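> Given next are the chains, with one letter for each unit.
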Amino acid sequence: MSVKSIDPNESKYAASARNFRDNVTRYLANEELKNNFRGAMDYLMDKRKNSFPDANELETLREQCKLIKQRCLVKLPHLLEQLEVNLEANGIKVHWAETINDANEIIAQLIENKKGKTVVKGKSMVSEETALNDYLEARDIECLESDMGEYIVQLADEHPSHIIMPAIHQNKKQVADLFADNIEGFDHTTDVDALIGEGRRVLREKFCHADVGITGVNFAVAETGTLCLVENEGNGRMCTTVPDLHIAITGIEKVVEFLDDVPPLLSLLTRSATGQIISTYFNMISSPRKNGEKDGPEEVHLVLLDNGRSQAFADEELRQTLQCIRCGACMNHCPVYTRIGGHAYGTVYPGPIGKIVSPHMLGLEATNNLPTASSLCGACGEVCPVKIPIPKLLLRLRTESVKGKHDGPQIMKGEGSGRKSIEASIWKGWSLMHKYAFIYNTSMWFATRFRKLMPNNLGVWTSVRSAPKLAPKTLHERVKARNKKIPNKVANNAGSK
Amino acid sequence: MTSSFKQQSSNARTNILAKLKQEVEGSDYSKLPEEPSYSYPELAQEELLAQFIGHLEANHAQVIPLKEEDIAKIVSEQLKQRGISKLLYGKNALHSEQMLTLDDDIAVEAYDFTLKGNKEHLFNNIPAGITSSKAAIAATGSIVIWPTIEEPRSLSLVPPLHFVIVEAKNLYTNFASLINAQEWQNKLPTNAVLISGPSKTADIQQTLAYGAHGPKELIVLLLK
Amino acid sequence: MTSDTTTFNTQHLRKYPAKAQQVYLYGTCLADSFYPDSGIDAIEFLEQQGIEVLYPQGQTCCGQPAYNSGYQDEAKAVALAQVAQFSLDIPIVIISGSCGGMMRHHYPELLKGEPGIENFCERIFEFTEFLVHVLNVKLNDQGKPEKIALHTSCAARREMGVHITGRQLINQLENVELITHKYESECCGFGGTFSVKHGDISGAMVKDKTQNLLDTDVVRYISADWGCMTNIDGALEYQKKSLRGEHIASYLLKRTQATNKQQGK
Ligand code: SF4
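Protein chains in written order, with the numbering used here: chain A, 20 to 516; chain B, 5 to 228; chain C, 40 to 304.
A hint or two may mislead.
When the alpha-carbon atoms are kept at most 30 Å apart in a straight line, the in silico DSBU-like pairs for lysine-lysine are as follows [to be verified]:
1. C:Lys236 / A:Lys31
2. A:Lys94 / B:Lys77
3. B:Lys77 / B:Lys138
4. C:Lys186 / C:Lys54
5. A:Lys406 / C:Lys151
6. B:Lys123 / A:Lys225
7. A:Lys439 / A:Lys424
8. C:Lys151 / A:Lys492
9. A:Lys454 / C:Lys115
10. B:Lys191 / A:Lys94
11. A:Lys411 / C:Lys246
12. A:Lys66 / A:Lys85
13. B:Lys23 / C:Lys54
14. A:Lys504 / A:Lys488
15. A:Lys492 / A:Lys504
16. B:Lys138 / B:Lys71
17. C:Lys246 / A:Lys192
18. A:Lys439 / A:Lys411
19. A:Lys31 / A:Lys191
20. A:Lys309 / B:Lys123
21. A:Lys112 / B:Lys71
22. A:Lys406 / A:Lys133
23. B:Lys120 / A:Lys136
24. B:Lys120 / B:Lys10
It is worth saying that the hints were derived from the structure and are not from the lab.
This one's a predicted model, so the numbers in the text were calculated from it and none came from an experiment.
Put together the whole structure using the sequences plus the hints.
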């Protein structure tokens with residue numbers, strides 16, 4: 020999965036996102052993969068559905084959480100400052116990074132300052148975004164993923180195919196084979212308890228010896244200066260408890276204003292993600308080890324990453340992208356994701372959220388194929404717990420992608436890069452034809468008369484379908500003819516044109 | 005080196021905040037729409053308890069209602085059933101005096117060492133730990149732990165079996181009501197944790213497995 | 040197991056007019072050039088309910104293809120031309136959920152500031168929605184017993200919230216058994232230009248959709264959206280299967296015709 024990019028400042032994911040079409044062809048041909056995804060998505064959709072028995076509660080919560088996130092975004096710069104003040108007062112150091120490289124550099128230096136050599140990582144999509152593991156390994160710092168799914172993916176030299184369940188593309192047989200190839204002394208078995216037991220054995224050993232723990236953050240509470248982590252496995256707690264140094268990395272949009280904002284968001288997050296009324300652990304960190312305390316890290320750091328988020332922020336419509344709480348429900352319900360799987364996108368964040376957020380991180384030029392790869396069915400927007408109008412944002416990104424030259428300020432990196440002059444002229448012609456009924460009706464008259472000449476081969480359309488057949492007479496004509504037979508109708512229809 | 009990344013971070017801070025402020029500085033917060041909230045039905049204490057126990061059991065925790073004087077007996081029994089003869093606890097913690105009356109063949113050890121330097125010991129020699137709790141939440145079947153000097157956070161995390169003592173009088177309807185009743189805003193500890201079952205994962209083919217990294221078993225001793 | 044998402048019915052949020060004497064029919068470009076029968080059938084059905092149907096000859100297309108492709112200006116020109124055709128203050132009945140969704144929910148923004156646009160959008164009704172909520176039709180089934188499936192377009196389901204009205208109408212047909220198919224609420228893969236731009240993904244989706252329909256024992260499937268039906272029927276024909284779709288207007292007319300003729304005069 021490691022597609023190396025040419026521009027050293029460009030994320031490796033830009034290159035793989037550009038390969039979207041080839042990826043799709045490859046993954047669509049993989050039946051096993053398709054079955055793995057279908058099974059997993061069915062499971063997650065059912066779980067979610069069952070965890071919301073009361074439609075009224077669900078809709079109230081969604082509205083509430085949407086407004087919470089929108090409030091926090093309107094106050095974002097102020098809340099980030101407040102968060103920083105309160106974290107620092109609690110003894111947690113705050114760092115800021117505009118780019119993925121800056122974030123990686125900060126983290127590497129924090130580790131080197133403590134002479135750290137081994138890192139255990141809790142699940143963090145933002146660190147995937149920065150390709151932190153590659154960066155640290157190049158500096159001779161060992162980086163081990165400790166979330167079971169992430170661990171599997173790392174063993175396979177892949178990246179997560181789902182933001183909540185990273186190894187969802189693999190079935191247990193594949194995991195067993197992977198363990199057999201990579202873990203010495205592993206007795207091949209497809210028993211899941213045994214597989215997890217094996218992972219536990221290997222990883223507990225690592226927790227015991229690691230110098231550094233790196234995690235993401237689900238909510239950063241400005242009011243109290245608290246970092247909140249949601250998890251089931253306990254690896255997040257290990258990473259934030261056992262090593263001497265804990266570094267958390269997150270996007271600037273994760274800050275919430277009040278502690279009171281957390282319970283509704285948490286409830287929607289876990290239920291939307293996996294159908295759990297709450298995760299096994301909800302871990303709230305407000306300071307490094309205090310005097311006399313016997314465990315916990317000596318130092319806690321938070322790295323706040325921009326990486327294109329401020330670009331989305333600058334446009335009121337696109338800003339809604341930042342409401343996301345990364346629950347993954349949009350991908351679980353997406354018919355496109357279900358068929359092509361998470362890796363086809365080539366981006367860190369796959370599925371509908373990936374389509375709307377990646378263009379800000381990687382630029383539209385690299386991601387032009389993503390917003391168009393949607394039937395706009397709306398399933399994502401319907402389940403999104405914070406009511407992000409994903410289909411609408413996809414439309415907006417399509418518009419930005421094909422935008423012609425203009426004098427206004429640039430809204431997105433890579434805007435207009437998807438514009439092809441031939442396509443633009445086709446739509447101009449189409450518009451003219453449908454604007455003037457006279458041209459339209461004449462064209463239709465000819466088209467239907469000469470319908471036998473219409474090609475039966477319409478390219479991709481007819482690779483799995485037969486071409487539709489034009490009717491001998493249009494509806495316009497038939498209504499006209501019909502009205503002639505009923506005299507009083509003619510006047511009415513004529514009068515209303 | 006260090007100073008260069010500090011400088012870079014401070015430049016980034018300036019740039020990011022400037023970009024954000026350009027868009028929203030001067031927004032009239034009073035114009036923000038009112039946020040609805042769902043009112044959950046009020047439940048009687050008995051119903052809350054039933055909900056609490058039901059959720060925990062559904063999440064694979066074992067709940068044992070008991071009286072304080074029975075703690076030692078029950079803990080001893082549970083340990084013996086599993087063939088465990090050692091328990092780690094926190095000295096001077098709530099109910100910790102009960103640990104002194106465990107059966108003779110169970111070795112009790114107090115957590116009076118620092119984790120640093122004793123990681124191997126905690127990870128490899130301690131099969132079970134016991135802690136008290138700060139509160140409990142009915143709506144989600146969660147136990148709230150605010151680790152202390154006496155009961156460090158790894159005590160509820162590293163040993164494969166975790167006993168936790170919960171007092172029914174500390175049961176709250178939901179997380180929101182708990183935060184407000186106990187006024188968490190002003191006094192969050194180093195670390196606060198909500199625990200709602202033993203450690204688990206469904207990362208391999210959506211198959212639930214317990215004991216991913218943390219405790220494989222959670223036994224809740226519920227004092228009514 | 041179904042993949043039905045928690046769809047929220049939004050119809051109760053809408054105010055419906057008392058029964059109308061006169062309505063416009065919006066035929067849509069697909070029905071115009073490929074499936075005019077369904078337009079005529081819709082007109083006949085409405086007329087049998089005692090309603091006069093006006094069909095402005097200047098209508099062409101709602102503009103959705105350009106709109107969904109990111110060509111806003113081009114879509115806007117076409118959309119404005121449509122609005123101009125429907126000047127009387129009477130309901131506009133549309134025989135396609137997705138065009139309905141375009142006109143009712145996307146015109147307000149696309150044509151923001153244009154005079155009368157709110158009123159225009161308020162007058163848009165999807166065919167089954169109009170039958171149930173405005174006309175309150177009571178159907179008298181005259182057909183033979185048969186089993187059918189229903190495919191509701193995503194736009195109908197999520198933008199118009201009319202997946203329920205289609206079902207309600209079919210349920211009124213005494214001799215018709217509505218069979219649920221697997222993944223009924225899942226998209227058929229049409230999505231307009233999506234099916235051309237990403238033909239392989241769209242193709243995988245329609246393959247599954249047709250398979251799920253074929254796995255039932257229905258004699259036909261009913262839909263109120265020609266986009267989906269062009270896609271699904273095209274795939275079925277390509278696979279040399281005999282199952283086909285029928286537009287709900289044609290189906291309702293056919294099933295109830297005998298009665299209506301008797302009662303009519
Ligand atoms: S966009 Fe919405 S549904 Fe998708 S991950 Fe974000 S919050 Fe969840």
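> For a quick check of understanding: which of the numbered hints are violated here, in increasing order?
Hint check: 2, 4, 8, 13, 21 and 22 fail, others pass.
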